[in-house]
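4 protein chains.
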Amino acid sequence: MSEKIRVGVYGAAGYAGQDMVELLLKHPQVELVFATSSTSAGENVPYTNLRYIPAEDASLSEADLVVLALPHGASAVTAKEALDKGVRVIDLSADMRLDTPESYKEWYGLDHPHPELLEAPYGLPEINRDKLHNLDKVAVPGCYPTTTLLGLYPLLQMDVLDSTAPIIVDAKSGVTGAGRTPKANTHFVTVHDNLTPYKTGRKHRHVGEIEQEIAKITPTHGTLVFVPHLLPVSRGLMASIYVTLNHRITSDKVHSLYTNHYADEPLVKVLPLGVDAELRDAVLTNHCAISITPVTDNLVHITSVTDNLRKGTASQAIQCFNLMYGFEETLSLI
Amino acid sequence: MSEKIRVGVYGAAGYAGQDMVELLLKHPQVELVFATSSTSAGENVPYTNLRYIPAEDASLSEADLVVLALPHGASAVTAKEALDKGVRVIDLSADMRLDTPESYKEWYGLDHPHPELLEAPYGLPEINRDKLHNLDKVAVPGCYPTTTLLGLYPLLQMDVLDSTAPIIVDAKSGVTGAGRTPKANTHFVTVHDNLTPYKTGRKHRHVGEIEQEIAKITPTHGTLVFVPHLLPVSRGLMASIYVTLNHRITSDKVHSLYTNHYADEPLVKVLPLGVDAELRDAVLTNHCAISITPVTDNLVHITSVTDNLRKGTASQAIQCFNLMYGFEETLSLI
Amino acid sequence: MSEKIRVGVYGAAGYAGQDMVELLLKHPQVELVFATSSTSAGENVPYTNLRYIPAEDASLSEADLVVLALPHGASAVTAKEALDKGVRVIDLSADMRLDTPESYKEWYGLDHPHPELLEAPYGLPEINRDKLHNLDKVAVPGCYPTTTLLGLYPLLQMDVLDSTAPIIVDAKSGVTGAGRTPKANTHFVTVHDNLTPYKTGRKHRHVGEIEQEIAKITPTHGTLVFVPHLLPVSRGLMASIYVTLNHRITSDKVHSLYTNHYADEPLVKVLPLGVDAELRDAVLTNHCAISITPVTDNLVHITSVTDNLRKGTASQAIQCFNLMYGFEETLSLI
Amino acid sequence: MSEKIRVGVYGAAGYAGQDMVELLLKHPQVELVFATSSTSAGENVPYTNLRYIPAEDASLSEADLVVLALPHGASAVTAKEALDKGVRVIDLSADMRLDTPESYKEWYGLDHPHPELLEAPYGLPEINRDKLHNLDKVAVPGCYPTTTLLGLYPLLQMDVLDSTAPIIVDAKSGVTGAGRTPKANTHFVTVHDNLTPYKTGRKHRHVGEIEQEIAKITPTHGTLVFVPHLLPVSRGLMASIYVTLNHRITSDKVHSLYTNHYADEPLVKVLPLGVDAELRDAVLTNHCAISITPVTDNLVHITSVTDNLRKGTASQAIQCFNLMYGFEETLSLI
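Residue numbers (the working numbering), protein chains in the order written: chain A, 1122 to 1455; chain B, 1122 to 1455; chain C, 1122 to 1455; chain D, 1122 to 1455.
Just chain A, same shape as in the assembly (with noise of 0.2 Å):
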């Protein structure tokens, strides 16, 4: 029997930190040897007999491999330091994400501090899976960009999409999406009873992450638009997408075509046509959830629904961690 990988994790106490650690305690292949966090430092990691330690106490030496969650800017610095010292690397933040320092720069306001790092590959198995073996690093995606190219990835990779019409996404996240540090958005009397857009049009960072990987599938296509709102919930992350056909295609085939493509994903279910996909659809589980409604001929709505701390970011991690060491890639995720 093989030994366990041996993983660490930094930013282990954020929301996303913490379901990192939760599922990579439930994986038989991995041994959790340390969790890092400045502001919860000394505390009991929930179900281990680990504690908080702050990032700069943790021993590279002791791990096979890091997960980042990481601010941006902050990740770069231990994921170079980690990778220099053979730790292999899985980034949850933006800083591999992006493939040129210019693009980096142009949506985080930063010089990139390793730029080489941005040839990482971007972790999205149910596009990307075949540049994710065996390899030293990873960029996971955002919440927000794993649940939109889900949802439009079988349009764009048959190219029927009307490349002179937007790509409407409106947008839907818990709260977990915005971090742990209390401020004055996340504030509960601010968020419940409400629902708030912001960062509306073109100005989320995440729009440069959609755009690049749209072009990588259909070099020629419309602009995207993107509203992302606020939602009175913890978790669950909602893209409505809005999208016009070109004439290789009409509506009524959408629903087979997504069908087809994504029968052999276990963690992508299509919904029966007719039913709508619902956050609950997903919420607490390691999948994605994409419902298809023709509305003209031309024109069709899709639902696509994840849970933005699970397939949003920690469950696609460990998607990612089975494919780098040839572990069946849904491994304690099914």
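There may be inaccurate statements among the hints.
As the list claims (entries may be wrong) - Only pairs whose alpha carbons sit at most 25 Å apart, straight line, appear in this in silico DMTMM-like list of lysine to aspartate or glutamate:
| id | chain 1 | residue 1 | chain 2 | residue 2 |
| --- | --- | --- | --- | --- |
| 1 | D | 1147 | B | 1386 |
| 2 | D | 1147 | B | 1152 |
| 3 | C | 1147 | A | 1386 |
| 4 | C | 1390 | C | 1449 |
| 5 | B | 1320 | A | 1373 |
| 6 | A | 1147 | C | 1143 |
| 7 | D | 1206 | D | 1124 |
| 8 | B | 1147 | D | 1143 |
| 9 | A | 1324 | A | 1223 |
| 10 | D | 1206 | D | 1232 |
| 11 | D | 1320 | C | 1418 |
| 12 | A | 1390 | C | 1164 |
| 13 | D | 1324 | D | 1220 |
| 14 | B | 1201 | B | 1223 |
| 15 | B | 1324 | A | 1373 |
| 16 | A | 1320 | D | 1164 |
| 17 | D | 1147 | B | 1449 |
| 18 | A | 1390 | C | 1143 |
| 19 | D | 1337 | D | 1223 |
| 20 | B | 1390 | D | 1143 |
| 21 | B | 1147 | D | 1385 |
| 22 | C | 1320 | D | 1418 |
| 23 | B | 1304 | C | 1164 |
| 24 | D | 1252 | D | 1385 |
| 25 | A | 1390 | A | 1450 |
| 26 | A | 1147 | C | 1152 |
| 27 | A | 1206 | A | 1240 |
| 28 | B | 1147 | D | 1449 |
| 29 | C | 1320 | C | 1332 |
| 30 | A | 1320 | B | 1418 |
Said to hold, decoys possible - Here are some chain C residues pointing at chain B (derived, C-beta under 7 Å):
| id | residue |
| --- | --- |
| 31 | 1296 |
| 32 | 1297 |
| 33 | 1303 |
| 34 | 1304 |
| 35 | 1307 |
| 36 | 1308 |
| 37 | 1312 |
| 38 | 1313 |
| 39 | 1355 |
For the record, the hints were derived by calculation from the structure and aren't laboratory data. Built from N, CA and C at the ideal position, the CB exists for glycine as well.
For this one, chain A is given, so just place chains B, C and D on it according to the hints.
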């Protein structure tokens, strides 16, 4: 000093009926004479000395005007009876909103019991004010149509939308919009921590009503794509609108178009450029709040919010009431 | 290797039934053979290839054991039928919990259809473990009794409560406790933003059950004052307990009494002194969490929390199941 | 016609301050002259043409009275300054509520900066009305004390509580009670789907305030046991009270004692026997609602609810204001 208008409310214990009663009680020119409810008959009407009575016990001769917060189908029957006795009618149901019996049959599946009622004007004062003076009957618009039409109106009126592009409305409603009768889809456990699209595409009955009113302003218009969602809140309605402009305007002009258009409308607030309307901007108020985001030169995102029971129903009914009797339109509303 | 136990679940589409099915599916020694539901017959049972069937279509001969998540009254009838055919029974209803037909009549207003079933032991393992081995039937306690009794048990067992002082339990339950049938009191708009006491004082049916079990441990005990409230959450139950000690103990000893008492109970967590149990300490877990606050020398406040559908129902049923068949008690639970 | 009273509000952008401003704007005898806020300085004060100003820019000479919605400690300093300039003061903080500097030091850990302010009367009109006329300063009670004391008052005044038995108050508060500053314990994800006891037993600062006022009515009284909980709602406060009667009364007399006692109090509603007060009975109202449950001959359960920002703070401040100036006590409140 003039005598007060004697008003009776049918269906007064439903959510819309309750807000209607509450607003009527604050109106200086109104005397509430009865409030009917089949399920709450005998119980006290909040803030009054009245008790709910069965509809069949209501005496139309005691009223100068009745407000009907009844199910469609039933409402028309009572409306006819009242009008025949010279009692004016404000109808909150769908029974007077559509212009033809064919359209009513198409969207509601019923032969209209009294098609002559369909001549009632559509009670959206910001669009239709001139037709609402001194009437004996008015059809108060639904909450989705009100919020959507106010969000679109300046663009429609100026005829600056690309008539070949769809008008996309991703709408979200609080649960009072689904009525007070307990059903599986309004059970707390179903709604809480969830977000549910329903009647997606062009299935919702309000599609017919919205398109009818759009066509009156802009006969040549794009297809309405309308996707409502049930939000885990009690009150509030958000219409997130995505439209494509024609060559006659660029998106940077739209915000000033709206501020100018609505400058003298006390019950429509256009927010400053860069500030997005959130649900709370309208909940428990009598107004509609609107924000504009230019996305590209010819794409505009509009967020329009109302309280579904106020500007989406009861406050608008009061506006109509005031116009019917020649009072200041916003009397008791601001 | 032994064959799996074949288990059928009646009332499997209710909230308790759903959690029951979910936990049974994770149990390595269980094969789920059928799941009945009158309202969901024909629909898919989540996570399985089964469909819900009407209870009358269930074949008892296919099962070694049935779990009854049925209304009281109905449950006893199915239990009798199963036992007569040699099928073991775990009853989640109240039909086997009370010890006498008189008591059943008093609290449930019905003549018990099969009084011989009342000899079934009370399935609260942390109190009653010795009586739960190798049985053919067991009555799983209600969620309020479980949470209350575990919160009181060390004090009752040591007989250190002032028997002249009341035992005050201010309890709060999530809405799944009220069942899945849509009713006015479980409508989202009724529950949300609200907190509702109900059956206050000694009116709730669980008063009889709790006092019966208290009396078995401490025949001379104070009056139970029990005030349940409906909380605007889906899951979770908190019993806030206020008791007066007799002269045999002072309040500063109570925390160590509890930590010692429950030291070997894997499904009861006594929190450190100074840390209060909150609802989230138990939601979606299989355990009960308890905190102790000494208030004055002889007054103690205890907070006891469970997930009403887990340790309050389905997890506890699994504990009983394991004891009935001689498996490790916490098999599949920790 | 008399001139309006010129009122300034300090700390006007906090939750209490916002409700205070809203109620003052509705008061026919009030002119709002300034509203201070350190965090919102420069922003518009809702429903007004004013902007929030920093406290140091407020000109006391422009005001006849100031309302202080400031943190304890800070409030006393501004109160002193205002009073020295002949400006009357309504203090919403704790700085004038306790009767002695020793008590203030005990509960707030500070030497009181101006102990002479502690002579201010306790502004709970239903108990203390006679002392509230024509004053220059008043201490408005906290929300927990108001709700608890109104729930207990008729029993205290009649001296019918068993002074050897504890007065148990299990209290539940909405999150606005925890203030507007973002903290870990008010983050949406922390509060939502949760219920959290805090400062259990006798640790909460309001214990000192409540016992002080109880002792003024009934010098010999039982120990107060006070367990507050944070509820996942924005507004509303419920005090669930459990008391033991002495031999002078039986529990069946308590409901009529309350209905008689509060018969002429417009802002206290005693519900009919058998109807339990729920949170919604008070939210967004100016009154306290109370229900009584006789449990045994000498045990009574009382549920008392208020809106923590209204009768628990701002409405009560308006009552005090009206008494200070000789207006009808409920002017602008009913």
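Tell me, in ascending order, the numbers of any earlier hints that this structure violates. none
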